[in-house]
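*Asks:* Sequence:
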Amino acid sequence: HVPLPGCVVVRSLTFFEHLTMSMKRYRVTPGRPFSWGDVRPDDRGDVKTEADAFEKTEAHILKLDPLQERLYAEGKRSLLIILQAIDTGGKDGTIRHVMRGINPQGCNVTSFKVPTPYERSHDFLWRIHNEVPAKGMIGIFNRSQYEDVLVTSVHREISRAEEKTRLSEINAFERELVQ
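Residue numbering for the sequence shown follows our numbering, starting at 430 and increasing by one per position.
Hints are computed from structural coordinates only; laboratory data are not their basis. The structure displayed is predicted, hence computed values, not measured ones. For each residue, glycine too, the CB sits at the ideal point set by N, CA and C. It is possible that part of the hints are untrue.
To be verified - Derived Cβ-Cβ restraints for the label pairs, each shown as a range:
#	residue 1	residue 2	range
1	Y547	D471	39 to 45 Å
2	K477	H558	23 to 29 Å
3	G460	A480	38 to 44 Å
4	L509	L596	14 to 20 Å
5	T486	I511	15 to 21 Å
6	T539	E487	23 to 29 Å
7	E498	S550	35 to 41 Å
Please put together the full structure from these sequences, using the hints given.
*Replies:* This is how it looks when you write it as structure tokens:
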């Protein structure tokens, strides 16, 4: 079908095209500077009301199960979701609400609390490496690898030099995850 001259062909966007377009502004580009000062904490994206958010969330949740099945069947990639917030910041509620659309057999949730003495006897990223999801699986981290830098530097348990070393190791770890 060829459109008439001067006519515009309009087609509806697929779920992924819409999601990609709406999420582009949140993407951090590797190798480019990033500043939290440029992020608006009250940004709601294209969601205007709570009812709108509920409706969009429900529609996305319905799409999760077939996507999870495909992820598992292909067995080529894994998905790691990292939630970082203060206590009572909504991490557990997000996991319960949003992830209810997936098969729990294909998902592992790991909450990183204060490291145990055994965990402290290893490299600070050891416990993180241990919980990275296998190919075909989904992993959710309740808190992130940055916690071991944030808390220890705030409490002055590590030097500035050690803080920089750990951040560099985290960057290398993250590069390794996406290869």
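*Asks:* Does each hint fit the structure? Answer for all of them.
*Replies:* Results of checking the hints against the structure:
1. Y547 - D471: 39 to 45 Å: About 41 Å separates the Cβ atoms of Y547 and D471, which means 39 to 45 Å holds.
2. K477 - H558: 23 to 29 Å: The hint (23 to 29 Å, Cβ to Cβ) is violated, given that K477 and H558 are roughly 41 Å apart.
3. G460 - A480: 38 to 44 Å: holds, 40 Å
4. L509 - L596: 14 to 20 Å: holds, 19 Å
5. T486 - I511: 15 to 21 Å: holds, 19 Å
6. T539 - E487: 23 to 29 Å: holds, 26 Å
7. E498 - S550: 35 to 41 Å: With Cβ atoms ~39 Å apart, the hint holds.
Violation of the numbered hints given earlier is confined to hint 2; every other hint is satisfied by the structure.
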